[in-house]
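Could you build the full structure based on these sequences and the hints that come with them?
Residue numbers (this note's numbering): 17 to 173.
Where hints are given, some of them may not hold.
DSBU-like cross-link-like pairs, simulated, lysine-lysine; straight-line CA separation at most 30 Å [as the list claims (entries may be wrong)]:
no., residue 1, residue 2
1, K80, K137
2, K80, K134
3, K67, K137
4, K37, K119
5, K162, K137
Source of the hints: derived by calculation from the structure; they are not laboratory data.
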Amino acid sequence: MKAYILFLLIILNSICAFPQKSNKIHQEAIVVDTHGDILFNQIKSGIDIGKLQSTGNFDLVRAKQGGLDVQFFSIWCDETGGYALANREIDSLYNLIKRYPEKIQLVTTAADLELAVKDKKMAAMIGVEGGHMIENRLDYIDSLAKRGMAYLTLTWN
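Given below as structure tokens:
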């Protein structure tokens, strides 16, 4: 009977300690969201994602509260957009960074990312979704890379 009670106490202690351990792990880890269609939606809606929003699935305030350290901003449009819209979305990100330099910075290297996390800023990275965004022009890849693009997917669907 004593062994059974001891066993139950150990199990109960483990269950109670788990949320504390998981929260500690979460806070110590570099948390990365590898996909967010945030900029396209921001352009369409005109909202300021640097401020707390009551709607939508992203703003810098809630991201910080949730412990998000790195956000890949997905540059996306359907087949009617393309290179011009990709640049408009990147401009939108640059403007966000300019308005909130204490909250977010563009990173293009691992060292930049580590520094942003150390400074408690969101590390912003750029991914372009779909080869249609370069409109069959290979020079557009270089242009987007110079603006911070970390990756370009071949397709979007």
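Do the hints match the structure? See the list:
no.: 1; hint: K80 <-> K137; in the structure: holds, 9 Å
no.: 2; hint: K80 <-> K134; in the structure: holds, 14 Å
no.: 3; hint: K67 <-> K137; in the structure: holds, 15 Å
no.: 4; hint: K37 <-> K119; in the structure: holds, 27 Å
no.: 5; hint: K162 <-> K137; in the structure: holds, 22 Å
Hint compliance for this structure: every hint is met.
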